[in-house]
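Asks: Based on the sequences and whatever the hints tell you, model everything.
2 protein chains.
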Amino acid sequence: MSETLLSSRNLAFELYEVLDAEGLTQRERFAEHNRETFDAAIGTARSIAEKYFAPHNRKGDENEPRYEDGQARLIPEVKPAVDAFLEAGFLNAARSFEAGGMQLPTLLSQACFAHFQAANAATTSYPFLTMGAANLIESFGTQEQKQRFLQPMIDGRFFGTMALTEPHAGSSLADIRTRAKPAADGSYRLKGNKIFISGGDHPLSENIVHMVLAKLPDAPPGVKGISLFIVPKFLVNDDGSLGPRNDVLLAGLFHKMGWRGTTSTALNFGDNGHCVGYLVGQPHQGLSYMFQMMNEARIGVGMGAVMLGYAGYLYSLEYARERPQGRLPDSKDPSTAPVSIIQHADVRRMLLTQKAYVEGAFDLGLYAARLFDDTTTLADEAERRQAHELLDLLTPIVKSWPSEFCLKANELAIQILGGHGYTREYPVEQYYRDNRLNPIHEGTHGIQSLDLLGRKLAQNGGAGLKRLIRLIAETGERARAHPSLDALRQPLEQLVSRLQSVTLGLLGDLASGKVTATLANSALYLKVFGHAVVGWRWLEQAIRAEEGLARDVAADRDFYRGKLQAARYFLTWEVPACQHELTLLEARDATCLEMQDAWF
Amino acid sequence: MSETLLSSRNLAFELYEVLDAEGLTQRERFAEHNRETFDAAIGTARSIAEKYFAPHNRKGDENEPRYEDGQARLIPEVKPAVDAFLEAGFLNAARSFEAGGMQLPTLLSQACFAHFQAANAATTSYPFLTMGAANLIESFGTQEQKQRFLQPMIDGRFFGTMALTEPHAGSSLADIRTRAKPAADGSYRLKGNKIFISGGDHPLSENIVHMVLAKLPDAPPGVKGISLFIVPKFLVNDDGSLGPRNDVLLAGLFHKMGWRGTTSTALNFGDNGHCVGYLVGQPHQGLSYMFQMMNEARIGVGMGAVMLGYAGYLYSLEYARERPQGRLPDSKDPSTAPVSIIQHADVRRMLLTQKAYVEGAFDLGLYAARLFDDTTTLADEAERRQAHELLDLLTPIVKSWPSEFCLKANELAIQILGGHGYTREYPVEQYYRDNRLNPIHEGTHGIQSLDLLGRKLAQNGGAGLKRLIRLIAETGERARAHPSLDALRQPLEQLVSRLQSVTLGLLGDLASGKVTATLANSALYLKVFGHAVVGWRWLEQAIRAEEGLARDVAADRDFYRGKLQAARYFLTWEVPACQHELTLLEARDATCLEMQDAWF
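Line by line, the protein sequences give chains A and B.
The first sequence: position 562 = 561 (numbering that gives the first Met the number 0), numbered continuously.
The second sequence: position 407 = 406 (numbering that gives the first Met the number 0), numbered continuously.
Be aware that a few hints might be false.
Identical copies carry no separate label here, and so any pair may be met within one copy or between two of them.
Pairs of lysine to any residue, SDA-like flavour, derived with a Cα cap of 20 Å [as the list claims (entries may be wrong)]:
1) K145 - G100
2) K145 - E27
3) K526 - H579
4) K223 - P328
5) K331 - F290
6) K513 - S330
7) K180 - E165
8) K331 - T515
9) K407 - T443
10) K58 - L252
11) K223 - S170
12) K513 - R326
13) K58 - R423
14) K331 - T443
Read the hints as simulated data drawn from the structure, not as lab findings.
Since we're looking at a predicted model, the values are computed, not measured.
Replies: So this is what it looks like as structure tokens:
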């Protein structure tokens, strides 16, 4: 039977041949686990995703949440799916045993979660947002806040949201206007409007816990004056029972291009003057708290983009195998039977490109999850810090690269299905529409590029960058043991070497104060850096594939050959093409910067 | 007031500074015309498009045609729009005065039509399809067929469709199964099923004339056995009145990603055994007739893709000018006012890229229309033939390049609007969804690439290619008069020179029988060839802009500077990047060809 969410063989390759998931069980935190418990969790995730999430993916798209009497209504299939997810424990997969979790490595919890993201991006958002909100309270909340709000989230009774964006400010959080005034009882009264709040209302849980960014009366201007508040939909009494409705009004729903099953809401806080909120952590530290949670959230967004790409790839692959049409150019005889379209070289190109994008990004996302585990469970503090520095550096890539290239994969999946792909009778056009959100939310593509070039590269004296360069060089060294990989290794080495020198130059310009000019082409830099990273991950996969081939297991041969071919595609078709972007960066090309408003 | 469909200044630049529309009035056929009549036609098109087409563009998307009692129902706004279009004479804009037309050059009729395509792609399809069907009958029908079917189409009473695709065959027309049996009265009885027939049913006209591809009983296999038939929805009596309903059944409607306002139908011909059709032209020549009309149709499809890109570009430009958000990287002081987002270099990059794609493709489409006029109205027969050869060669580019790059433009427009762009409250996401059809219909991207590399290049001994190379060289020569254009000219010359040698090599391989291997990377070839052609058109525009600047008219200065900057973007950012594709083509890279089904 063909797989529709992801390739189990490829997941096993990632976990056990590339990323050494079993090695994690040597660490104290994961000592109770082994490959069997990992595989059992994955099997459960897959079966719930297939049984409860995938079947209503299209229905959720066709039946958007409706706004009725101030509330958002969903199709009935969402709740049983989310309930099954909760019951199986996936909300707390990475949480400790004592906290009611499975104490799985993040690598494994992401691998499990990926199945839901592939099956139904929209329904999966509700637990995803809840996890993010819960992690914030867990990290920065008081014991009392944890008792009152976090525990019911862990128990699956309360859901959560992240309420950042405001209509006039968009991505510019420095300019938010939502205010929080201290009240006599130590809580706060909030007033303001938020938009694009995913999961901002729904009937799936007893309560919704909004994590809201707002400014205190004495807040300094800009991002240094933003505080974080818990604002529940219903107040919670001391005994944990629900109190009265808080002054949080669902002002309306947004109607989106895709991802339609997730409510995207406009919320008004404090229209009636009594919106109660609770300060999380210290005043004015809200944005730094958000940023500390962002690595994990952005891995999640990146993996979401990967999995929509993956689902589209697998669907178009199956279609190409089954659909007979046309003949090969050198055997046009119309009396012969048509071939399946996978026989056409251009269809194979579109499949191989998808495979390279999707499996490259899948590896990258899981690599980042593994790195996240290193930041929390490596024994040595210096090593944990190193892992953190590298993860910080890679986060903009982990978020943005799949959002761009797995979206391209979706476009190719539509093209392979042709006219059918353009109809809503097939799933691929929805994958594209759903995925189109990913380059926008959780920091747009442009913001990721500024984060990388303007902040992450130079962080900690460039420690993350140096480590990355060293790791790439080590992979290159190991690749030298396989002469068949020379043609794959060399373009990567050429790119990385030149990228290093371009990077040094750009950082020098930044240090000397040429900020706007240097950041002007940050999008080009993001593209090249991302291709270098994914190229490295593909070379790593290629080495593992060579090692796999050497074991000479007949059933695995095709799998490894496919890996090598996808690596070849990426490293010889895509990686060398980045040289031109480097030329533009080297020349400090000012074509876009110099363009004037009046000239358009 | 800002323009929403296209820039009138840019259209005037194309018509009167680049493409010498006034020169056409020296030709006998267009002697009655002058710049005033041209501008009057354009003004009328613009005002009808703005008044009748644009206002229901979103409504048509949200209210797809419904299938009721075997008929397709549309929203009420479509008919008045189409009626206004017909009344103003745009259906017959290029037709002769005697035939009831405006006898405009195709260049001008396309320029007029472009306004409707930008305003409402879906509603515009109905007259577009009718024009295509009418042209087929005009070129290949008998006098009696013209009297009975063409005249009512010209009069706007009958509409038309093109009925080619069948469920099992898709793009592989060689494999169609619809059959046509001769009847005693000289007509035929058809039996078969067609899908994706745009405009296959609607209540806009008294009758619908389907141009159907089918096979006669004695048909040779493959594309050489396809004949063309007129199959009306209602039979037409000798006096021109409508007879009984023909045996053409609307089997259902397809529900598409975009372009939703146009009915996409499944039609069953002859379910009840009495579907009457009339052979057009000679038996077995149907496909060659279709191909002869294809240049015009594909210019139309290409221009449709351009105009969706254009509408998105103008919308996102206006948005970027009006939306304040964030601050520039070197002046982050939060107490200063936010800047409009057009001030951010990365937003300017996305706008400049759109401008380069959209205005480059707009020029290309109009250039092709001008060439079409040359094929029919140049005095010298050899010159007409030359124009035809060049147009044949360029047609795959004119169709596919805008379908790919103006679609990318739409993606950038969404990105500029961010979260808002992703909602259906703004028009840009619909432009993307509408435009996504264009790389699929009228010959997919892959088919265009095979048409170019496998057929068009070598046609007529390569006459079209030689002429194109000569024209590009002439533009390069003229560019030398402007030293400021050296940096733009050189990358184009480098690309074209290497492309020539790669082309010779590939044609040699084809001639020596390595067909499948040589065509395997046809998509790369299409990309490079397209960029060379559009690069040439941009260099041409840049020359005209330099000439315009030299005239030193204050009001025009910004316009020409913008042209030069967009040319600079395309020729220095995009054109040199094609060198890597040439490297792959030169190496006869077999990465995709060698990929095996079992390896995926």
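Asks: Give me the numbers of the hints this structure contradicts, sorted from smallest to largest.
Replies: 2
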